[in-house]
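Each chain, written out:
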Amino acid sequence: MKYVSEFRDPPAARRLVATIESLMSRRPKTLQGAPLKIMEVCGGHTHAIFKFGLETLLPETIELVHGPGCPVCVLPVGRVDDAISIATSEGVIFCTYGDALRVPGSRTSLAGAKAEGADVRTVYSPTDALALARANPSRRVVFFGLGFETTAPSTALTLLQAEREGVSNFFVFSNHVTIIPALRALLDAEDLQVDGFIGPGHVSMVIGVEPYHFIAEHYRRPFVVSGFEPLDVLQSIAMVVAQHVEGRAVVENQYSRLVSTQGNSAAQTAIHEVFKPRAHFEWRGLGSIAESGLELQPRFARFDAEQAFRVPALSVADPKACQCGEVLKGQLRPYECKVFGTACTPETPIGSCMVSSEGACAAYYSYGRLTSLRRASGLKVHP
Amino acid sequence: MTAPARPVLAEHNAAQVALARIEAKRHKKRRVQDDVVQAAHGGGGRAMRDLIEDLILPAFDHAVAEDDQARFALSDMAALGGQLAFTTDTYVVTPLTFPGGDIGSMAVHGTINDLAVGGAKPLYLSCGLILEEGLPIDLLRTILTSMGRAAREAGVRIVTGDTKVVARGKADKLFINTAGVGVIPTGLHMSARSLEPGDVLLTNGTLGDHGAAILIARGELELASPVMSDSAPLHELVQALVQAVPVRAMRDLTRGGLAATVNEWAHSANLGLCIDEPSVPVRSEVQGVCELLGLDPLHLANEGKLLAAVPKAHAQAALHAMRRHPLGENAAVVGEVTSAHPGVVTIQTGFGTDRVLDMLVGEPLPRIC
Ligand code: SF4
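Chains as they are written, first to last, in this note's numbering: chain A, 23 to 405; chain B, 39 to 407.
FYI, nobody ran anything at the bench for these hints, they're computed from the structure.
If you're wondering where the values come from, they're calculated on a predicted model, not measured in any experiment.
Every residue, glycine too, gets a C-beta built ideally from N, C-alpha and C.
Misleading hints may appear alongside valid ones.
[Stated by the list, open to error] Chain A stretches covered by chain B per the calculated footprint, using a threshold of three residues with CB under 8 Å from any CB of chain B:
# : segment
1 : 101–112
2 : 142–155
[As the list claims (entries may be wrong)] Reference listing, derived: stretches of chain B covered by chain A, where coverage requires no fewer than 3 residues with Cβ under 8 Å from a Cβ of chain A:
# : segment
3 : 229–235
4 : 375–384
5 : 394–400
[Said to hold, decoys possible] Derived lysine-lysine pairs resembling BS3-like cross-links, with alpha carbons at most 30 Å apart:
#  : chain 1 : residue 1 : chain 2 : residue 2
6  : A       : 342       : A       : 360
7  : B       : 202       : A       : 136
8  : B       : 208       : B       : 63
9  : A       : 136       : B       : 208
10 : B       : 159       : B       : 350
11 : B       : 202       : B       : 66
Isolated chain B (complex conformation) (with noise of 0.2 Å):
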């Protein structure tokens, strides 16, 4: 055996041993290391790429395509319905965590509810997020995490997604976009044109919930209050609804709460609408809430609450399908269309006497006195 050239390969081996340790080392996974979010967790390089292994994929169980883009088979969602149903909304709320939830798992329900009041099966959502710089990566993680549990229990994947830092003081902490693709089933036509006088509306629940947990958790107002937010998908119970009966409108009932909905109702149909306020679920920490501001719960948010108008001849089968579902309990009829004083909405108070409900115009703001 000859001499080999020792040195040359010796040191040819430690070079590519070094280079695959670096290779290696560039390609591990990496904790994110930082306190807070950042400039460079949105930068386009390595730190915002760790952000995405570290933080985002694993929340959402790495559905998240690596291409920019997510891709289906057209022909799997044909075989659910003749619609293609596609959402969009963003969620900008203060505080990012409230009782009852946070902005990651409410993002995730609102979209959800936005397709499945159209009737829409939910299949896959979006996630795009405007993180401001200094927001703590621990609760940027819970935020994720929870997201990423709400999809999970809700059946749909989130499998596209997007992420910006910016400059502190550019934005509030944290906002998210969700977007959301759903089907349709073949036939169900569901939209507020098709109402008629003697139609009925119910509601699933309790309304104002969301809206006064928020007030409280702002913390301005020295009220503790266990009020929890109703954050919640609603796609199973619109499924159980519409196979029972008939439903010619649905709505999910968020900002402006139920008074918005029945007023966009009454002036696109151009009918009446008539709430019977005693008929009306609030829980009475809501009504309290209310009580004390100067509020109307039926101007508050929900995100668990919808609201539908069947046949009068459909009402108990509507409850009683509504009522089989857990997110139902306190479901309840809660007023009627009418062809009096179309395009305006009136409510019945409790003393026999009649008002016109309007929307809110701008925030909910407490009065002075």
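So that you can see chain A by itself, here it is in the shape it has in the complex (with noise of 0.2 Å):
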């Protein structure tokens, strides 16, 4: 793992603290004391924060705000809903990805209804469930399509497979969604509070750097593209931190080792060859989104498991004491909402931030709540 330990270099994590905590302390003075907030996109970071206790390193001053880019945790209950249905209907096997098994829908989750006999199967990427749909030709299996643009191409690749060998029992139901859209809801939000972003670095891998300018042009806030390193998440806060003091606002990538300013062509055009944006799609927490969701293309109709089965498609409430909304939106910090740790938990989740380990609740609940103690005891974070 030395590819790895480079990445977790205690004195280099020292030294990216002391270069962050000197840049804060050249923040005007009006502004010393303020917080400064910071929210990194995806769940991976949410989920290296989390694991590394990163928070705690941090000046207090710096408050990191988990944004809506895990894909489990954005997922509204109607769309659950509508895969239970179809994971109901008779002979069906039903394929998702493991995190998305205990998401609530309104009445119960895909776990809840394997458990009341429902063939529902945990897989690791779609052509698995292509495999199965191969295997099993009398039943019709059906793939769970989740995730941004990082797993949109190989659900996309998967789907000209099947085209190619002719399955026609396999099916995909989309919820696949991207990032741009809900950055820009996100941004136009009038009660976001949000100074700078870490970007997704899985995400651009794909779409590369260039699709965030907008962000730094017309938003004017540093947008920083992030590995999931430590060190990488602390040298993208570094370097958020230096564009706020200097009064720049530019999209810089900390991940260049991977990610390319274009990104990677082969998969886009994939993602375009079978998706194309949906009018609208929901987000739990951030309500109706314009073109943020992937449908499939026409000539996949045959595929889509929205046309082959009947599904409610009915677009249904978050629960009431949900505050998912606010926490995705950085007004409030996890435990602050009235839930926390108490009816929501993960064996218990109310709203979806509480269910994958990647969602900022989860996250708190199973890795930080030392921290959230001793913020809402007004103790020094820091040990």
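Dock chain one against chain two, each of which comes alone in its own frame, and use the hints as you go.
Following this line, the structure appears as structure tokens:
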């Protein structure tokens, strides 16, 4: 694991933290002591931040806001209900990524449906689902397509493969989403409280760096595409802070060892060949966002689970108690939600931010209770 | 000599011979002819007896009781110590064989370890088999042979058992239940309630090997990594440890891994436990699999690892005792007990930060991205 340990070197981390501290001390007097809010867009970053306890290293004036980049967290109740309705249809094998199993719908989750007898299987990639379709010609095999531009290309390539092979019992229930419209919607929200962004490294491997320029140019917020190792995250934070104190707002690429300016054109082509933007897609906590979801192109209609199955397709309001929206917009820290840790826990999630370990609430609950306890009781966060 | 009633006698003799032949044949040990397990193998009749005589008894060195129970002299046991230990566990792993072991050896090691971590000397095991129709006989034979070998090597005897066959689809190929009996030497009491602030926590080697080996062996991940299960019987290591130092508590780190055990201890002792992440031995291959899947080696199962708590003054002696045994070569001090944050386990990361180390909710599931 030499490759990894290089990015986990404690002295290097201390040097980066010192850099961040000295940059923060250069803020104008009027801003000293005021929080600088930086959103990490991607759930992978949220996970890394908590797993390595990065929040406790940073100056307390830097507040990390956990954004909407966990594909499981933004899945709305209605779409979970649709998935369950497909999974419980006659003769169906329903294939999903593991962490979507426990996302609550309005009555139950996919895990609940499985316990009640639905044939729900955990797969690691859409090609596993296609293999199941080949092996079970008398069953209808449905893949639960989830995720951002990170996972959409593999769903697209699998559909192209299914088309080539003429597999007739394979379907995709597409809930793929795209990051740019979601970021635009967030930035347009009047109540957004974020001073800069750490951009999603894996998504950027596909879409490149250019699509983010509007954020710097139009919304005047620093944006740094970041890797997922602890040192990546700390360095990206330092880059955002540097822009902030220098009064700049540009898009920078911290993750250049894997992310190119143009991204991966083969993956982009596969996405465009197979998918097109939906007019609207609903996000848990954020509501309906134009052109933010992907559906299958007409050429792939016969693989489209939404056409092959009668799904309820209802828009179901989030549970009343749920404050995931405020959490995703940085207005509330997860533990400030009224039901955090009481009615809403990883065992009994109400909102989806409590389901996946990439979700802000689950991350606080599982890893960060010390931080939140210290914060809530006014103690120093630093141990 | 009068002419004997030859025909009658001859007939009688022929019948005797024929009957004897039939009896001999009926009692003759037959090889199981079928390729796969069938309903009849659990039916209590001939096919079941063949299965027992051809597969099970030879694998277990014919140690299994002919009667429906095994019997032991209480005096023999009493000579070993004052308390009887009794445990049971059921093994349902997929796949049935994996690098470093199989469900059979694992069923023996697991139950031995459940006894060992209470300080007991393991003596006898039972073996309950639930076979799914269609299970290949060759595979069953391999697993039973491995089970017998594991018991022999560990010096325990499989003394009673049971076999059931269920219809196809009603079980996943093969489930094994083992119960175990052992004796705890007088004067040995280990319990999480005895933990005290300042105690140190030790493990006998690298964590997560079994969990990672199983994930890879399932073949769903398109990973080829040389990770082997750590399945092994720990009773000798435990003996060496308890003879060397006073041990406050001990537990084998199976499902839920280290994280589950430390959380249970913190809860039952109502003390804080603190793990030092960089000191926890983890193989780089296992770390790699975890990085790839978004899992934590501290949540993965082990089948040959334990956690022991000893008073700080005895930490070095405990390490020394473990390292002298082949199963303790990589033993390490991984944390300590504290009075801060009762009931909560924290982990010190290599970054000098601390965070909560919680139990896993549900199974370890890989994340999407
Ligand atoms: S605690 Fe539960 S309901 Fe509240 S914001 Fe978090 S996930 Fe949503």
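* Annotated coverage of the segment 142–155 of chain A by chain B, confirmed only when three residues or more have a Cβ within 8 Å -> holds (count 4)
* Asked: Taking 30 Å as the top limit, are the C-alpha atoms of residue 202 of chain B and residue 136 of chain A close enough?
  -> The given pair, whose Cα atoms are some 27 Å apart, holds under the 30 Å limit.
* To do: Check whether three or more residues of the segment 394–400 of chain B sit with their beta carbon closer than 8 Å to a beta carbon of chain A.
  => Result for this restraint: holds, n = 4.
* Checking C-beta pairs, does the segment 375–384 of chain B have three or more residues closer than 8 Å to chain A? -> holds (count 3)
* Asked: Given the proposed pairing of residue 136 of chain A with residue 208 of chain B, does the C-alpha separation stay at or below 30 Å?
  -> Holds, at roughly 16 Å.
* Asked: Has the given pair, residue 159 of chain B with residue 350 of chain B, been kept, meaning a C-alpha gap of at most 30 Å?
  -> Measuring from Cα to Cα gives roughly 26 Å; hence the hint holds.
* Taking a Cβ-Cβ distance under 8 Å as contact, does the segment 101–112 of chain A have three or more residues in contact with chain B? -> violated (count 0)
* Would you mind confirming whether the straight-line C-alpha gap from residue 208 of chain B to residue 63 of chain B stays at or under 30 Å? => Violated: residue 208 of chain B and residue 63 of chain B sit about 35 Å apart, past 30 Å.
* Is residue 342 of chain A within 30 Å of residue 360 of chain A, Cα to Cα? -> Between residue 342 of chain A and residue 360 of chain A the Cα gap is close to 11 Å, so the pair holds against 30 Å.
* **Coverage claim, chain A over the segment 229–235 of chain B, checked by counting residues with Cβ within 8 Å (three needed)** => violated (count 0)
* To do: Below or equal to 30 Å on CA atoms is what counts here, so check residue 202 of chain B against residue 66 of chain B.
  => With a Cα-Cα distance of about 23 Å, the restraint between residue 202 of chain B and residue 66 of chain B holds, given a limit of 30 Å.
Consistency note: the structure conflicts with the earlier hints numbered 1, 3 and 8.
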